[in-house]
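A.B. asks: Listed below are the residues making up each chain.
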Amino acid sequence: MIRVIAYGPERVEEYPVGHASDLKALLTSKAAVTWINIDGLGDSETFSQLGDIFGLHALALEDVVNLHQRPKFEAYGETDFIVLRMPSPIPDLDLEQVSMFVGDHVLITIQEKPGDCLDALRDRIRTNKGRARRRGAAYLAYAILDSIVETFYPIVENYTERLEELEVRVLASSTDNIVPEIHAIRHDLRALRRVIAPTREVLIAMARADAGNAQDDTHIFLRDCQDHAVQLMEALDTNRELASSLMDLHLSNVSMRMNEVMKVLTIIATIFIPLGFIAGLYGMNFDGQLSPWNMPELRWRYGYPFALGVMASTAIGLVFFFRHKGWLGPGSAPSEPPPQATGETKGRSPGS
Amino acid sequence: MIRVIAYGPERVEEYPVGHASDLKALLTSKAAVTWINIDGLGDSETFSQLGDIFGLHALALEDVVNLHQRPKFEAYGETDFIVLRMPSPIPDLDLEQVSMFVGDHVLITIQEKPGDCLDALRDRIRTNKGRARRRGAAYLAYAILDSIVETFYPIVENYTERLEELEVRVLASSTDNIVPEIHAIRHDLRALRRVIAPTREVLIAMARADAGNAQDDTHIFLRDCQDHAVQLMEALDTNRELASSLMDLHLSNVSMRMNEVMKVLTIIATIFIPLGFIAGLYGMNFDGQLSPWNMPELRWRYGYPFALGVMASTAIGLVFFFRHKGWLGPGSAPSEPPPQATGETKGRSPGS
Amino acid sequence: MIRVIAYGPERVEEYPVGHASDLKALLTSKAAVTWINIDGLGDSETFSQLGDIFGLHALALEDVVNLHQRPKFEAYGETDFIVLRMPSPIPDLDLEQVSMFVGDHVLITIQEKPGDCLDALRDRIRTNKGRARRRGAAYLAYAILDSIVETFYPIVENYTERLEELEVRVLASSTDNIVPEIHAIRHDLRALRRVIAPTREVLIAMARADAGNAQDDTHIFLRDCQDHAVQLMEALDTNRELASSLMDLHLSNVSMRMNEVMKVLTIIATIFIPLGFIAGLYGMNFDGQLSPWNMPELRWRYGYPFALGVMASTAIGLVFFFRHKGWLGPGSAPSEPPPQATGETKGRSPGS
Amino acid sequence: MIRVIAYGPERVEEYPVGHASDLKALLTSKAAVTWINIDGLGDSETFSQLGDIFGLHALALEDVVNLHQRPKFEAYGETDFIVLRMPSPIPDLDLEQVSMFVGDHVLITIQEKPGDCLDALRDRIRTNKGRARRRGAAYLAYAILDSIVETFYPIVENYTERLEELEVRVLASSTDNIVPEIHAIRHDLRALRRVIAPTREVLIAMARADAGNAQDDTHIFLRDCQDHAVQLMEALDTNRELASSLMDLHLSNVSMRMNEVMKVLTIIATIFIPLGFIAGLYGMNFDGQLSPWNMPELRWRYGYPFALGVMASTAIGLVFFFRHKGWLGPGSAPSEPPPQATGETKGRSPGS
Amino acid sequence: MIRVIAYGPERVEEYPVGHASDLKALLTSKAAVTWINIDGLGDSETFSQLGDIFGLHALALEDVVNLHQRPKFEAYGETDFIVLRMPSPIPDLDLEQVSMFVGDHVLITIQEKPGDCLDALRDRIRTNKGRARRRGAAYLAYAILDSIVETFYPIVENYTERLEELEVRVLASSTDNIVPEIHAIRHDLRALRRVIAPTREVLIAMARADAGNAQDDTHIFLRDCQDHAVQLMEALDTNRELASSLMDLHLSNVSMRMNEVMKVLTIIATIFIPLGFIAGLYGMNFDGQLSPWNMPELRWRYGYPFALGVMASTAIGLVFFFRHKGWLGPGSAPSEPPPQATGETKGRSPGS
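Residue numbers (the numbering used here), protein chains in the order written: chain A, 1 to 352; chain B, 1 to 352; chain C, 1 to 352; chain D, 1 to 352; chain E, 1 to 352.
Derived by calculation from the structure, the hints in this document are not laboratory data. Even glycine gets a Cβ: it sits at the ideal position worked out from N, Cα and C. Careful: at least some of the hints might be erroneous.
Said to hold, decoys possible - Just the calculated beta-carbon pair ranges, DEER-fashion:
id : chain 1 : residue 1 : chain 2 : residue 2 : range
1  : E       : A58       : D       : N66       : 37 to 43 Å
2  : B       : G77       : D       : R3        : 53 to 59 Å
3  : A       : S29       : C       : R193      : 48 to 54 Å
4  : D       : N66       : A       : F321      : 52 to 58 Å
5  : E       : F321      : A       : R323      : 32 to 38 Å
All chains, full assembly: derive it from the sequences and hints.
C.D. replies: Shown next, in the form of structure tokens:
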């Protein structure tokens, strides 16, 4: 599906185009900027005609249909070729490939599928809000890049929030198994970093190349957009570090909890084993009738209370010993609630 | 709220301004330097008038109200635009955004909220202490940056002290759960690093740009301030490494303590289990009256003492065996107090 | 074995050459490009004659027969010398050394053994598909490099798939020992990285050197191929990180499983040890006939049910205590299935 | 306290100066080099006079009294300003701040306290050994730097020796708690690195600046000194890596020892628990007189030997089973002494 | 001991020199290249004469006798000064310091002790094999460097083999303590890296300096030698990574083995503890003659078989429960042999 928006400071026209060959007419258009948007990569016929009409390099056209490109900027003669990845709205992290050809008066964008994050930009062009109508194709390219970079903000913020929820749970000493969730978050953070880092390189390369084919100050806008990409990368790095730190905290929690369980259980066993031994002792069948040396305690008047007393004092003695060693009781468990991280939590989100 | 300090080598004037449009009068002021300070970002009207009067770039004005910027330096034509983060006084780590426009004779600072760390600087201007009155707006920009960088010193030092307290506790073999506190400190250290590193880049960029719009030697002052930022970053790195090292020490402590507990308890159990077996043995009910082979010990004169003797020697034998193996007794526990870190503790604090 | 393909825009000739000395005739050939392919490194005679005929540098010829070279590009006067490593088809990772001499009209490739990934390229030359026939030796060199780089894609993808299978198993909380397999995969990923990284450097060096001895735009193709090499390296890095993350997940799984086992078993033991003690208590042989204080319970009418009751309440009490502590029962085990990584799995494979 | 050494190729004078204002006379001195040494930073009066007399920059003078500077080199017009840290003699790591002003004929050094590592250099000047007397102030600055760098050698070597002692203990499978000592050593190594790395940068900056204000070949000497700083840093890195490796070895030792203890103890318990069960079995009180099915073994002629036999064979069977599994006996413990590191231990020390 | 080899394309002379002062005669020698080799650093007289005769810089001569230099290249006027470390033959890693002065026609090498890896080179000069006789002193310097770099190959390969042997053992699930051996290997690998990395820098510096004092293409040879140094460093890095990976595998093995042991033992204990409890239960002495409620089972006809049956079903039930949970039996132990690393093992060795 091909849609064209042709605009200038004075007017804007918008219409669908049925067939790629109809685009030839646009070459003689008087619109200051013509934005051709193509959805879907299925029709190779379309792309070869596009290449013929606008003189696009064959390698660039190969890259357009070859998914899994990393974001890149390549200058082929008069035309700049840009590959980007555009996130679709939350919840699922899905990064659609967007290719852009930027000429003097024509800008072609090619997406994998319909639906994108550029509708706000199109509205601003239609209603002549912002600066887009008064500027050329290079500014439009910047505006598209900026829209895409802005779309990453809520996505990155979403991961920040998920991590902060995990942080609250982990600091509350929960031992829920958060490892798979952190694994999933880290995976997505890596995928985002692999997209945003080269996007920033694209912005740097465009700002450098800007002197050649654009109005004078588009590079200022590109540099501003670059700052946003850097902010996103810092937010990703912060999240990555937070994920690592949470992992450590979690493992420390699990191991402390486990240690505590094992310690208490072992202590119980350790107290009862000597008691059991004493009970076993007086369960022996030495024949006291044959010899006064054989277990005289069994025939004492208070033999049984004596035995219970020995057991009780053994148990109490052991408990005291364990408390003295600090293995049991108030001193052995962490009593205070752990301090909350005092850092500027607001500053951690990438803002908008 | 808008406050103006206009000064030159000879005199200083200070007055509040009710409305942004009143600032137009300042354009014809003869003061060498006019410092306009605005508290609060709420009134977008103010900023658009400000932009019109002083010819500020629209992108810069967008950045002013857009919180969560990282510190940056951007030259828009004649005017330099600087974003910084200013720490509020301890205890809570709160990093307020400060924007600065530096022109030839005018310097505008915009803060999120009233109250800052620049009162000492204002006093020096009022009382003509230091060099500020004799120099231009670029020096004032340096002086503001320097004040902000200085404000980080006690904050970083505070973390150093908290870590050193933790170090004392950890070296005393405490097994208190310090993991959440180290987590919180690390979090703040990362937040500080993310502010101070780009602040240093701002200082570098300003020193490089200084030749254009400032007296000759402001770059020397900027380089000195840069050294301070580097010192702060080194102090942060030292703290980060110390936190890691403390974490290792703590985990080693916890695991040694746990090992010791488990070992002692297991040894107790191991000693009593064979004893219990012997007791159980003589608790068997084989009928000695039917056969002389059935448990003749039960009918010995000294059968019971003999059994107790066997138990005692088993216990003593096991204790000796465990001591011989080094699992029990003096050799098995760390006896010496751990050595104190001998490093120059004074050198670790960032100084002032 | 020596095979020659001589071609130009108009025609293509292909024939085997029996002896290296017969190649001298090619010096006067009028074919635009002559591609000489030599399989096997055994015959040093061949290489010395080759060197004499085409004026190859002795050091380059030494490198040809010296296996275990890392990919490199070296310009010896008019002739460029390139060493590459070519993967053989899956399953086994076997990286054959390929040397290339690129002259103005002659390209010599030397492989360790017959069979390679260049047959598709040869077919394109024979049937005049693609651009090869219309271009010179530098383009042929590019085409060979591109074929080799493309061959790495399915290999890297194969490791991605093996890792994703492992991920599925690990996320399903399997505790199979995947460590040796991850060890093997990491080993191969390292070997691939050590080949692809210098291959990229070769492409960079060739693009830089291209101005000298090639048509004008071969460097555009080389830059495109470079992007593919970077994509491969990113895929390798992603795999490496995934392997690390899987290792962590696996170890966490193993340790959680182990902890769970130990906890349940220890709890069983802890419950039965006090019960055993009570049983042992009433197995003592204190003589109740001599004294009413000696174990009167044994002579109670409901002594045995009383003892059973004490045991039962002890057991129930302990179970409640453990559940209350969260060591046993529903709260203690992770109940939800771990969330699936939501990242764009397609985006992770290097594509083709 | 101010001391002056004025020297030239022909003669040397040395005298104390009571007051900073007396130094003015030195401006007209004809000595080739005048070395002014000031001990103590207490007297701010002295420094302001010094600044006036020799035209020192106010920022440099601030840095002199501001402790905790990192080593740096700054050129203020004609005068170079250098900050260094000088180690005091072992045992304690104490790094005193030394500031240096290097002019054409005058060199001023300012130390925190009396006593330094430069006496050997002063003696060489007094007795005209070495090259110092024949050269200018820049060479003297080099000689001071070189003396300071040399002073670090025995200090670094001391840490190497402490680590090697620890290595011997750890390789002998000691499980002494070496963690706090490694913590302390690492702390000091980090402190040393933070001093030596910028010292090297000072040397690089001086060598670069040398063309301007020194004889031609002082930069050769500075480059040599730079090599020494690099050697020191390599020695520190080696020590740091050795410390990490020792930590790993130690933890592995501790865990192997603990595992061994737990295994042996658990095996003992595991052997005795079935035996205890058998004993308990025949301690049951089923009434054999009421029924021939009730524990006939108790009435066998060889019932007791039979029971002992069952126990013995159970125990032997378990021991065989554990040995077969490799959990017990010769195969389970590391038998060979661990191999000694074969590396060139001499090469590890930084030399002198 | 001083030995001289003077050679040119036509002839070669070789003779010992008794005293350094006799070398003065060589200044007027007509040999194209004069190679002076000195063994032993003891005689400082020799070095000062050497310095006087050939105009060597005093700092270089100091470095010659100062052991523990890292490899470096320094140009002192006409003469290049090179420090290298030469490995002695296996088994022990011993890195001897070799210093080289390279003039236009004279090359001086100074070794710590007699015996080196250069005899093959000397033979090639004597018998006029290879290129050495036809070229100058710079080529001789290259040939010496190349010989030394080649000598590192078998040494690095030796470590590769030791690691591969360890890998075989570790993959066979051995739990032998390989930690000290890996510690020793890592130590040597670090020592080698600290020598080979700066050797490569020497080669780069020489190739850069070559234009000045050598025939045109020695830099090609130096670049080839540089490739070898890079190959060695890659082999070292591979070994280092393999050592890390083996460490992980080993620790995983040890911990899995330990877990398995503990699990089996704990399961045995857990099965017998309830059985022991039942036995203890019927060992209680409640008096059945006083009350029909007191342990009627003891007087049942099939009481004993009943008790045995309860025990057997408890044991079987627990075994089934443990198998169901996957803690015991076929599913719980890794059954398949771990996969072998499939990487090109040949490619891992540095080749020759």
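A.B. asks: Determine for every hint whether it applies to the structure shown.
C.D. replies: We went through each hint and held it up to the structure:
no. : hint                           : result
1   : E:A58 with D:N66: 37 to 43 Å   : 39 Å, holds
2   : B:G77 with D:R3: 53 to 59 Å    : 56 Å, holds
3   : A:S29 with C:R193: 48 to 54 Å  : 49 Å, holds
4   : D:N66 with A:F321: 52 to 58 Å  : 56 Å, holds
5   : E:F321 with A:R323: 32 to 38 Å : 36 Å, holds
In the structure shown, no violation is registered for any of the earlier numbered hints.
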